[in-house]
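Residue-level listing of the chains:
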Amino acid sequence: MEKEISLVPALEVHDVTVAFDRKPVLWNIDLTLPQGKLVGIIGPNGAGKSTLIKAVMGLLPLSSGYVKLFDKPIDDVRKRISYVPQRESVDWDFPASVLDIVLMGRYGKLGLFKRPRKADIDVAMDCLRKVGMESFVNRQISQLSGGQQQRTFLARALAQQADIYFMDEPFAGVDAATEKAIINLLRSMTDQKKTVIVVHHDLQSVPQYFDYVIMLNTRLVAYGPTESVFTQENLTGTYGGKLTLLTDVGDLIRREGFPNREAK
Amino acid sequence: MNDIYIIITASLVATTCGLLGCFLILRKMAMVGDAISHAVLPGIVLAFLFSGSRDSVTMLLGAGLIGILTTFLIEFFHKKARLQTDASIGVTFTWLFAVGVVLISLFAGKVDLDQDCVLYGEIAYVPLDIIILDNGTNIGPKAIYVMGTIFLLILVFIIAFYKELFLTTFDPAFANAIGISTALWHYLLMSAVSATTVASFESVGAILVVALLIAPAATAYLITDNLKWMMVIAAISGIISSITGYYLAVWLDGSIAGAIATCAGILFGLTLVFSPTHGLVFKKINALEVSTKPSN
Amino acid sequence: MNSLFEFFSFSDPNIRFVVIGSVLLTASSAIVGSFTFLNKKSLVGDAIAHAVLPGICLGFMLSGTKNPVFLIGGAFITGWISLVLVEYITSKTRIKEDTAIGLILSVFFGIGILLLTVIQKSGNAAQSGLDHFLFGKAASLVGDDLYTFAAVAIALLIAVFLFFKEFTLLAFDKDYARAIGLPVKRIELILTSLIVLAVVIGIQAVGVVLMAAILITPAAAARFWTDRVRIMILLASVFGAISGLAGAYISYTAPQMPTGPWIVIVISMIAFVSFFFAPRRGVVSRLLRQYTIRRTINDENILKALYQLGEENKNFFIQRYPDEIIRKRKFEKDNLLKVLKRLRAQGYVESSGNLWGLTEEGKTRGQRVVKIHRLWEMYLTTQLHIAPDHVHEDADTIEHLLTPELEAELERLLDYPKQDPHRSEIPYK
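Residue numbers (our numbering), protein chains in the order written: chain A, 1 to 264; chain B, 265 to 560; chain C, 561 to 989.
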């Protein structure tokens, strides 16, 4: 029985197209990821990496296709997913302490009216220890360094005790020590059969960090186990030659105000 | 006794606005708050016309709806007509406010409001409108009860949903990802702002509401790094502004609302310079310390 | 009606004054405001408008009269101070711009109200009329005031004319302006001074609270009609002038009415009409375009179905019953007949009784749709490596959209393939 459950794919993306202002920024993405893998999403700027994880989490509307997590629609498994947004996406001048932020990870489970209890604080403290931030519990977030901000976000994600984690560039602007600490942590998470999906920039570390890799450039170039997919040919396909025709058609769709898909 | 009544009313308005203002400025929506406080005017006038009185629940509801309509219109012009946000705010609230003022002039006989009162209220008249019980006891001005109720409602709202308001303000994307609707809390908060604006309107007018929404919260933001304390400090600085403002107005024989706004501004100015955490003087000293450190 | 005639005959010199005055005020505000709009600084205009009130009061207190030089001078000074403060607070503290604007706006206005009420109670007889600054009163523009304001308005127009190129560039791309060595700071200084001046005279017409509207709203409305800056500013000034004229008229016929709100209502109505009905950018026009597109898609889908049926029989001109078309592709029957009739009128299909078939033109158009559909499927599978069973829906949209240039590029890129991924023939000529 246990085995059967873990056979369910962590993530299934079926024929997904995502458009901004009608212009498709991701075309017909199809992929399936098994559980318990550390997955990297790579591709050039504007390839739609962040868009893909946002669409998967239901933060952006899909123009076509569907997404399933653990074989269920996203809204049925919200409590099992976790998200680490880009560090710059929030205002770090916000009047809050590190603990306040990490406790947010418990909000999804708490529900309306309930305040974080002792048990939640224990979980939060535990997560802070895991990322090496235990001595900063009451530090104001405006006084954190970039690496510490990232660790705080990571602790918040851990506090969710989710099964699948989406992380948008967790290594951006962090020092080498933090990067190493983070990757070790992610490893230990996948060892516990958690699935971790990371938007990543640095190609050199890809083979070393990730079990699976998703190569993206407005369309899916390739995905699969790193050793078989992370090839020169696929890299050229991802970073080389722009598909000008695709861009032109996308612009045309926006200019003409074309519907995304024909109404059936 | 009268001055106590006025100060209490002003303090209630200031506290309520201060609490909500913290969320407004942290959400970078200070100007939307400004827009709402102007735009509720036609709602107030219409509710006046239909219900014939100024303290009915209809008025709160009607104007509250207009407040939401304002938020909606701003978004509509921005998203559907693709007008840039700042212009969309500017066009929406000026238009609604203009409609409100014209309505007042058109129904001058039927609506007990005048244009000046719209801008700076008539808090001086608060003690004139008192509630007298059947047995003849005077239990104080009505405005205090109205504002007191609103204050309690807002306080309960913020305490009960602190978690949600905090999260959707700090990190909307994360909130949505874990299934907490940012849109819902956005509209609830805007309704709270509308209700407060409406309730405070006749005592302090459109502009002072804005001053009390923004200035105390901004003052608190320069003092503390803790949201809960920020709200407390905002409330306190609102009360201080109310008290000093009242006496300033008495001394100069001018508008109380204007004087309270002035004092809120002065308080902000003082904090800007002398705040122990984010004040300019402190920053200067800090910078000096840092630059002298290597020589130690 | 009589008053309308009387007003527009402009025979009364007072009316002439008021009309010229308010039109100049609103039009020049609209022109200067266009640049605040383009700079996305609309709300800064609002802040300045509120912040001039204490200046006007101080000017009055110092001079003891409503001497326009003092009033304008005072307004100019506090207007400027407010801007400097907004900038200072935003750059020196962690307070964000919107909060700084709201803060300065409301506090300065509060100070203004305090001073105004103090003046009103001081018993100085000259003060009557100062409160017109709150809601505006075009009719109060008479004699000497008017000359001052007309002079300021004309100075504004000349300044905008002289610096037009620089202002436009700054609004469009500040970094570039800096890169090519323009004195950006100084130009911004000039523009800001112009805004302050426009506000100072504009509040005569609409008052402090609604001043933002005559700065921004005409520009926002004009933006919907054109993509060219010159035309936009010209239109904005015309819209502004119309609202000014309306304001003067209202001031004349209903003196107890506040002029400002009426001017704002007129200009807002112009703006709403623009938002909804402007060609191309307007909401209605966009909806209409959607409708046309939907119609084209419907038309072409039927032609495509007839063409595909023709492929099966190797004869494209066989006439068929509607039911047969529906078997090929699902259409609502009523709708199908309606579209068939429309296509017949356009010469794409012919009919005899209830039998319908393609004409030569219909065949060509249907063929093109089928060709693009299959080419696009080919493109998606070969170039984008998308699974063949996922390409159909996408191609169903693209087939109606592709321009002839993109079509040619697609053919060239794929090197004129013979078959699509589902092994259907791709029809060329």
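Hint data in this document are derived by calculation from the structure and do not stem from the laboratory.
Ideal Cβ positions, reconstructed from N, Cα and C, are used throughout, including at glycine.
Among these hints, one or two may not hold up.
To be verified - Distance windows between CB atoms, simulated:
id: 1; chain 1: C; residue 1: S753; chain 2: A; residue 2: K109; range: 54 to 62 Å
id: 2; chain 1: A; residue 1: R117; chain 2: B; residue 2: A388; range: 48 to 56 Å
id: 3; chain 1: A; residue 1: T244; chain 2: C; residue 2: R738; range: 30 to 38 Å
id: 4; chain 1: C; residue 1: I641; chain 2: B; residue 2: D267; range: 42 to 50 Å
id: 5; chain 1: C; residue 1: A739; chain 2: A; residue 2: T236; range: 49 to 57 Å
id: 6; chain 1: B; residue 1: L370; chain 2: C; residue 2: A739; range: 48 to 56 Å
id: 7; chain 1: A; residue 1: R115; chain 2: C; residue 2: R746; range: 29 to 37 Å
### Task
Go through the numbered hints given earlier and state which of them the structure violates, listing their numbers in rising order.
Hint check: 4, 5 and 7 fail, others pass.
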